[in-house]
Amino acid sequence: MINILIVLSNVLFNNFGLTIIVLTFIIRGAMFPLTRRQLKASKGMQELQPKIAELRKKYARDRQKLAQEQMALMKESGVSPAGCLLPMLIQMPIWIALYQSIIRVLAANPEDFLNLSRHLYTPWSVVFSQVPLESQFLWLDLANPDPLYLMPILVGGTMWLQQKMVTPESADPNQQTQSQMMLWMLPLMFGFFTMSFPSGLALYWVASNIITIIMQYYIGGWGGLSTLFKRGPQDTSQKAQKRPAPVETKKKETMKAVDADIVLPRESTEEGTDYGTSGDKREDGGGSYPDSIDSIKRQARRSKSKRRKRR
Amino acid sequence: MTRYLESYSHSSLQMSKNMKLHSSGILKAMSREVIHGRNLVLLLANMVLLVILISAGCTSMLGRGIAQGWAGGIVVDDTIIVGSRGGKIMALDATDGSLQGDPVVLTVQLPSSAFGCGGGTSGVAIYSSPVMNENLVYIGGYNSGKVYAFLFDGESLTAESEYNFPREGDLGAAIVGELAIDQDGNVFFGCANGTVYALDATLRSIWEYDTGDEIWSSPAIAEDTLFIGNFGKKLYALNTNDGTERWVFETRGAIIAAPLVNEDRVYFGTFGRRFYAVDTASGEEVWRFPSDDSDESKPKNWFWAKPLVNNGTIYAPNMDGKVYALDAETGALVNQFDLGGAIVSSPVMIGDLIIVATQEGEVYSVNTVNNEQELLASLDEKTQAPLFAGTDTVYVHTFEDNLYAIDVQTGASQKFSLSTDTSE
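Top to bottom, those sequences are chains W and X.
In case it helps, our numbering puts the first sequence at residues 417 to 727.
In case it helps, our numbering puts the second sequence at residues 20 to 443.
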């Protein structure tokens with residue numbers, strides 16, 4: 417790949433910045449079938465989330481059964497867990513090779529040059545005479561970090577957009593927290609790295625992120641980004657409808673904090689019974705939310721004893 | 020970062036815990052984990068990244084070597100003056116390698132990077148071998164972008180920092196090549212900022228000439244003309260008196276190897292795997308080797324080391340492991356000596372012997388009379404610094420910061436450690 421980069425640079429007017437962008441496009445394009453499989457599998461997995469969440473509620477106490485049901489559900493939906501991982505694993509060595517090639521070609525000191533000389537393909541004269549490559553591209557010296565810190569912002573920004581598109585909305589606060597962490601942590605981390613890495617590598621990341629965003633849009637639309645676009649005055653009715661949800665979540669979290677063994681009303685749902693919205697059809701009548709910790713405990717004990725009686 | 024690592028380790032622990040819970044099969048465990056399928060993929064990708072980062076260290080993560088320098092030295096009477104790794108300039112007794120006086124340590128403030136790599140103070144990396152005029156020794160610093168002056172009193176070295184060039188600050192770019200001194204004691208060198216500098220003996224600027232491309236090559240001086248190559252694939256001939264351009268010769272590859280001037284020709288090799296002879300007065304090409312690309316004897320790698328001349332034959336070492344012996348008049352290939360390893364160190368001539376070392380530390384002598392090559396020593400240490408010679412002795416400064424003194428007649432060697440200042 418080092419030799420291809422150098423030859424391509426020769427073809428592209430000795431412009432190594434352009435070479436990085438073009439080669440990234442070529443490689444990502446060649447791997448598009450794999451990427452598509454991965455994104456589709458990922459999307460399929462996202463679509464199964466509500467059903468899987470239901471199964472988790474249903475078989476909260478029977479992990480064996482839960483696993484069987486999940487497998488059955490995925491088999492039925494034609495979604496495979498390996499579908500997400502395998503294409504990713506196949507592509508990873510190619511990404512690493514591209515990354516390593518860019519770094520090696522952007523040799524900066526005598527040791528780097530001697531190391532590079534061992535990777536040049538002897539029959540191709542051009543790869544020998546082309547080195548060292550022209551490292552100036554726009555305002556960047558591709559062999560050094562961006563002094564204006566624009567590339568870290570671009571890397572972080574494009575990575576956030578890419579992540580946001582595929583981050584599923586989840587009712588589970590734990591999962592939501594994890595998703596939020598991933599949504600912010602990766603772009604921040606890569607933005608941070610970019611401040612020290614050669615800007616040629618940052619250029620590769622930006623190009624790669626933009627391609628991924630395009631591919632994701634092509635396969636699954638705007639995904640998580642659509643919620644950003646929808647937020648406007650016309651959605652106030654939707655917001656009003658969603659308003660009770662946080663109260664429920666808050667209540668659930670409060671109860672968890674009081675006693676980990678307390679089984680929440682939502683989790684007490686039995687097989688074949690649909691209680692719908694929390695509190696609507698509970699045997700204790702539901703209704704108002706408890707206003708003290710003691711009443712929460714009492715309420716939980718009551719529902720626990722009722723459940724035992726039913727059994 | 021710590022919290023991030025903690026969250027990873029927590030996720031990993033959770034995953035392994037879940038795996039253990041379901042001994043009935045990995046797939047079943049996976050099926051539960053794929054509830055967070057997307058996150059799992061991201062976790063995996065980032066774990067790989069973090070493993071590389073942590074295990075390889077910040078710099079190796081960049082896939083880059085650290086510039087550490089590989090300076091050669093000079094022999095003055097019974098004293099060796101050499102630049103060691105770590106930015107030390109030292110004077111050693113040539114007979115036993117003992118240190119004469121304290122070494123002068125050159126330091127540079129390193130720029131700190133975003134995540135803790137770099138920063139602080141470090142020894143200057145030195146690629147430029149010392150040169151001497153009267154009692155002043157000069158050396159160029161790679162990562163300091165400065166030329167340093169030292170006073171040699173016949174025994175030890177003293178830093179003459181008031182002579183350093185530039186007096187304040189630095190050139191903002193590396194000095195890789197050696198410095199050259201003309202008959203008037205003026206000092207000349209090329210810098211990675213693309214400029215050729217001419218300084219007087221006290222390192223005050225006389226003139227500057229901007230070539231427009233990085234310079235790593237050492238200059239060569241003949242009478243009042245300076246020859247130097249750059250990354251822009253050009254060889255420049257400049258008037259040493261005022262820095263005016265006499266001519267520019269364009270090639271097909273970057274020029275890092277120092278040129279050699281002999282009689283009315285300048286000889287040099289390039290990254291384009293060609294070796295040229297150019298007329299010093301007109302700048303016209305006299306010959307090139309190989310004359311065409313289909314030549315089977317074509318060198319297979321870059322010319323990095325400086326060539327030598329003896330008895331009308333040019334000896335051009337190449338990184339393909341061969342020394343090409345070319346007729347100085349015609350450029351015809353007279354002979355080639357295959358040493359089996361890349362040649363980065365510039366060779367030296369002692370009598371009729373060319374002493375040349377491979378990157379792997381094999382030191383050979385090539386007899387220019389009978390064309391026999393002989394292995395003098397196997398050092399088993401990376402060798403990239405230019406070799407330098409005393410009477411019947413060649414000095415090899417290895418990457419492990421050892422200096423070997425090898426008798427070219429017998430092959431007997433002495434090892435002087437430059438890092439601990441003791442001899443073996």
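Do not rely on the hints blindly, as some may be mistaken.
Okay, derived cross-link-like pairs now, EDC-like style, lysine to aspartate or glutamate, Cα gap no bigger than 16 angstroms in a straight line [to be verified]:
# : chain 1 : residue 1 : chain 2 : residue 2
1 : X       : K252      : W       : E527
2 : X       : K434      : X       : E393
3 : X       : K434      : X       : E181
4 : X       : K434      : X       : E400
5 : X       : K253      : X       : E269
6 : X       : K401      : W       : E527
Just so you know, the hints here were simulated from the structure itself, not pulled from any lab data.
Quick caveat, the model's predicted, so the values are computed rather than measured.
Taking the hints in turn, this is what the structure says about them:
At roughly 20 angstroms between alpha-carbon atoms, K252 of chain X and E527 of chain W are farther apart than 16 angstroms, so this suggested pair is violated. At roughly 20 angstroms between alpha-carbon atoms, K434 of chain X and E393 of chain X are farther apart than 16 angstroms, so this suggested pair is violated. With a CA separation close to 35 angstroms, the supplied pair K434 of chain X and E181 of chain X exceeds the 16 angstroms bound. For the given pair, K434 of chain X sits about 12 angstroms from E400 of chain X by alpha-carbon distance, which is consistent with the 16 angstroms threshold.
At most 16 angstroms may separate the alpha-carbon atoms for a hinted pair to count; K253 of chain X and E269 of chain X meet this at roughly 5 angstroms. Distance hint between K401 of chain X and E527 of chain W is fulfilled; the C-alpha atoms sit about 12 angstroms from each other, no more than 16 angstroms.
In summary, the structure is inconsistent with hints 1, 2, 3 from the numbered list given earlier, while agreeing with the others.
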